[in-house]
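Mind docking chain E on chain Z? Use the hints.
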Amino acid sequence: MAKITLDKIAHSYLPYPKTDADFALKEIDHVWEDGGAYALLGPSGCGKTTLLNIISGLLVPSLGNLLFDKQDVTHLAPEQRNIAEVFQFPVVYDTMTVAENLAFPLVNRRIPRDEITKRVSAALDMLDLTDKANRKAQGLTADEKQKISLGRGLVRYDVNAILFDEPLTVIDPHMKWQLRTELKALHRRFGHTMIYVTHDQTEALTFADKVVVMYEGEVVQIGTPEELFDDPAHTFVGYFIGSPGMNVLPCDVAGDKLTLGGREITLGRRYPKMSGKTEVGVRPEFVRLAPAGQGAAGGLPITVTAVEDIGRFKIVRAQLQGHSFDAVLPEGSEVPAEASAVVDPARLKIYHDSHLVRGTA
Amino acid sequence: MTLVLQNVSKQVGVEEHIRDVSLTLEKGSLNVLLGPTLSGKTSLMRLMAGLDRPTSGDILVDGKSVVGMPVQRRQVAMVYQQFINYPTLSVYDNIASPMRVAGADKATIDRKVRAAAELLKLTPYLERTPLNLSGGQQQRTAIARALVKDAKLVLLDEPLANLDYKLREELRVELPRLFGETGAVFVYATTEPQEALLLGGRTATLAEGRVTQFGTTIDVYSRPTDLTTAQTFSDPPLNVVPMVKAGGQLRYDDKTIAAPAGTESLADGPYTVAIRPHHLMLHRPAGAALEVTAAVSTTEITGSESFVHLEHGGSRWVALTHGVHRVEVGDKVPVYLDPAGFLVFDAQQRLVAAPAGQSAAPGMRA
Chain Z
186 MAKITLDKIA HSYLPYPKTD ADFALKEIDH VWEDGGAYAL LGPSGCGKTT LLNIISGLLV
246 PSLGNLLFDK QDVTHLAPEQ RNIAEVFQFP VVYDTMTVAE NLAFPLVNRR IPRDEITKRV
306 SAALDMLDLT DKANRKAQGL TADEKQKISL GRGLVRYDVN AILFDEPLTV IDPHMKWQLR
366 TELKALHRRF GHTMIYVTHD QTEALTFADK VVVMYEGEVV QIGTPEELFD DPAHTFVGYF
426 IGSPGMNVLP CDVAGDKLTL GGREITLGRR YPKMSGKTEV GVRPEFVRLA PAGQGAAGGL
486 PITVTAVEDI GRFKIVRAQL QGHSFDAVLP EGSEVPAEAS AVVDPARLKI YHDSHLVRGT
546 A
Chain E
30 MTLVLQNVSK QVGVEEHIRD VSLTLEKGSL NVLLGPTLSG KTSLMRLMAG LDRPTSGDIL
90 VDGKSVVGMP VQRRQVAMVY QQFINYPTLS VYDNIASPMR VAGADKATID RKVRAAAELL
150 KLTPYLERTP LNLSGGQQQR TAIARALVKD AKLVLLDEPL ANLDYKLREE LRVELPRLFG
210 ETGAVFVYAT TEPQEALLLG GRTATLAEGR VTQFGTTIDV YSRPTDLTTA QTFSDPPLNV
270 VPMVKAGGQL RYDDKTIAAP AGTESLADGP YTVAIRPHHL MLHRPAGAAL EVTAAVSTTE
330 ITGSESFVHL EHGGSRWVAL THGVHRVEVG DKVPVYLDPA GFLVFDAQQR LVAAPAGQSA
390 APGMRA
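For the protein sequence lines, the chains are Z and E, in the order given.
With our numbering, letter number 230 in the first sequence gets 415, and the count goes up by one each step, no holes.
With our numbering, letter number 292 in the second sequence gets 321, and the count goes up by one each step, no holes.
Check each hint, because a few of them may be wrong.
Stated by the list, open to error - Straight line, CA to CA, 30 Å or less: simulated DSS-like cross-link-like pairs of lysine-lysine:
no.	chain 1	residue 1	chain 2	residue 2
1	E	Lys274	E	Lys361
2	Z	Lys395	E	Lys150
3	Z	Lys462	E	Lys274
4	E	Lys150	Z	Lys211
5	Z	Lys462	E	Lys150
6	Z	Lys361	E	Lys361
7	E	Lys361	Z	Lys395
8	Z	Lys361	E	Lys274
As the list claims (entries may be wrong) - Beta-carbon label-pair distances, calculated as ranges:
no.	chain 1	residue 1	chain 2	residue 2	range
9	E	Val362	Z	Ser460	50 to 60 Å
10	E	Gly164	Z	Thr302	42 to 52 Å
11	Z	Val355	E	Ser51	44 to 54 Å
12	Z	Thr490	E	Ala369	40 to 50 Å
13	E	Asp360	Z	Asp254	31 to 41 Å
14	E	Gly277	Z	Gln363	44 to 54 Å
15	E	Ala324	Z	Lys255	37 to 47 Å
16	E	Asp360	Z	Ala307	45 to 55 Å
17	Z	Thr488	E	Pro314	48 to 58 Å
18	Z	Thr490	E	Arg140	21 to 31 Å
19	E	Leu160	Z	Arg454	21 to 31 Å
To be verified - Partner residues aside, some chain E positions facing chain Z, computed with beta carbon under 8 Å:
no.	residue
20	Thr66
21	Lys150
22	Thr327
23	Thr331
Keep in mind the hints are simulated off the structure, nothing from the lab.
Note that the structure is predicted; figures quoted are calculated from it, not measured.
Beta carbons: idealized from backbone N, C-alpha and C, even for Gly.
Looking at chain Z on its own, in the form it has when it is part of the complex (with noise of 0.2 Å):
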């Protein structure tokens, strides 16, 4: 198990990048402490896959280094790293019993017989695979594949760092629960570095310490869930994790004061004046109803558009000048037919051209 330095590392796929633009993953400059679990989350194209092959040795970044404790790993082969990897579809030996396939990556490593066997029954165990042992592969669910594959790293005692390429996409929901419940429980107890891809919020969530959140080519915000949830550092942030989004409008911001929706709303900090585009951010959790004209002067004139009741909590669909507004509620709660939104001042975020700008006291 390594940490794992990544020393301003950027990527281009053009022989003679020019332009930022040119750069499907923008410097990146960060350690990721050994033993941690991060998820590298993003829509399509944002560059996770690269950085990816960058950590697995499949791809040689442009600039910058990567480093294994503090062995420069850069242009080493895949095979010269010591990682494992699990990806989207699993890859099993169809013909090898379940043991036999766990034991491979030992047998290559020309690991002592016993060895082996003590390792192979250690794993099987984890995976709560002993009783399918010597059944062959083939007939396996995808999940129980899925498990080989993970297993096939986890013998290897000395690996740097575990990858998931988007490792549950081909499992039933119902078995994603328990999957990944299994390797969040394996990663507390054995302490690997793992490194998780996916597209997914809840998967990145819940699985990982740390998430990496990316957007076009750049890592935008890295923090714990609590972090991105409570804290987004750029506006993609507050729209990328969360169902339904945070809510983005246009503001203006001088001093402690806010006006949105014609009402002026006192912050509690004090921000500097900004040029450029202003934006204001409230997460659709803390937003509450109260009938129209009521509420404490953070009141905000919004028109209901529909109401989503999905059981444990309903989603309020609003407009508030021109721009959509959402408020999830809890459980049970009535929805005035005239509504205006009540939000907290210290849930507030301010953006400005999309970054977040904390102010001061």
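Then chain E, alone, in the frame of chain Z:
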């Protein structure tokens, strides 16, 4: 049109894929088929489309049997989970193809292709071939082709399963609206309860080839008529707890609590209580609740909510709580079973009591 299935069964070899299904799908309605893989969703859609013939039972369109009528004459459009397009044709020609087959004139074709492309955000890609598009764009091409067809019956089989979730969010709102305007019978298959709830309309839950319940989506969710339906309609999984009713009390694990409203007339004896994860509390609720101690097996934090997986007396439970709830794996924590959230099933697993709660949402949909 109105589509009626009367006691439809489909047997393939020795296996029964569809068992005695009766459904009435009204003109202009949105109908969700909800069930896990292999529960019969696709088989049922193929029967509706006329791609397969039922082993027994009848299928009626506006009162007339259509069994045996070839699919080409049925005005049906179908979209599959795996996007299917003509790889050598441009996006434009892909969308145009059903109208060309139907012999529409050039101007009509052009107008409708461009309108559909605009709605599905495909205008910049009309000249490309599908293989040069992302998965989402390929699926939108397949959907556009179904849209221009003016079909009377639109069947979508997990159409968004392979797309990234922000795109799903968007299309999930758009699709019912797009097809709703055409007045077609709209049928949408999914494995995900959340998706059914977001779509609204009416839901038929499927289990092992049988329709276990059919009704307004939120009603099926709130008042599942049997335990199987309740389980089909719960993600994360439902917590199932055996309890015994005795003299106005429910007993579990040597603890008792006043039985919830609606159970007064029930005979004493064993019942199955199902509790949705958001009704399994880690904080003491306002009213009385059954308190038990469970071991934490893992926690998952999404930022706004936490899933806490628990073990109690050999059963696995999951609690869904608001906010971030930090507990260590292995910790023993108090868990509160709030009777206000109990779905109570009898020995035959039929629903006998459900939370009074909310009636269906008033029609505020714009």
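Results of checking the hints against the structure:
{"no.": "1", "hint": "E/Lys274 / E/Lys361", "in the structure": "holds, 27 Å"}
{"no.": "2", "hint": "Z/Lys395 / E/Lys150", "in the structure": "violated, 34 Å"}
{"no.": "3", "hint": "Z/Lys462 / E/Lys274", "in the structure": "violated, 63 Å"}
{"no.": "4", "hint": "E/Lys150 / Z/Lys211", "in the structure": "holds, 28 Å"}
{"no.": "5", "hint": "Z/Lys462 / E/Lys150", "in the structure": "holds, 26 Å"}
{"no.": "6", "hint": "Z/Lys361 / E/Lys361", "in the structure": "holds, 25 Å"}
{"no.": "7", "hint": "E/Lys361 / Z/Lys395", "in the structure": "holds, 26 Å"}
{"no.": "8", "hint": "Z/Lys361 / E/Lys274", "in the structure": "violated, 35 Å"}
{"no.": "9", "hint": "E/Val362 / Z/Ser460: 50 to 60 Å", "in the structure": "holds, 51 Å"}
{"no.": "10", "hint": "E/Gly164 / Z/Thr302: 42 to 52 Å", "in the structure": "holds, 43 Å"}
{"no.": "11", "hint": "Z/Val355 / E/Ser51: 44 to 54 Å", "in the structure": "violated, 34 Å"}
{"no.": "12", "hint": "Z/Thr490 / E/Ala369: 40 to 50 Å", "in the structure": "violated, 31 Å"}
{"no.": "13", "hint": "E/Asp360 / Z/Asp254: 31 to 41 Å", "in the structure": "holds, 33 Å"}
{"no.": "14", "hint": "E/Gly277 / Z/Gln363: 44 to 54 Å", "in the structure": "violated, 38 Å"}
{"no.": "15", "hint": "E/Ala324 / Z/Lys255: 37 to 47 Å", "in the structure": "holds, 40 Å"}
{"no.": "16", "hint": "E/Asp360 / Z/Ala307: 45 to 55 Å", "in the structure": "violated, 25 Å"}
{"no.": "17", "hint": "Z/Thr488 / E/Pro314: 48 to 58 Å", "in the structure": "violated, 35 Å"}
{"no.": "18", "hint": "Z/Thr490 / E/Arg140: 21 to 31 Å", "in the structure": "holds, 29 Å"}
{"no.": "19", "hint": "E/Leu160 / Z/Arg454: 21 to 31 Å", "in the structure": "violated, 51 Å"}
{"no.": "20", "hint": "Thr66", "in the structure": "holds, 5 Å"}
{"no.": "21", "hint": "Lys150", "in the structure": "violated, 14 Å"}
{"no.": "22", "hint": "Thr327", "in the structure": "holds, 5 Å"}
{"no.": "23", "hint": "Thr331", "in the structure": "holds, 4 Å"}
Comparing the model with each earlier hint shows violations of hints 2, 3, 8, 11, 12, 14, 16, 17, 19 and 21; every other hint is respected.
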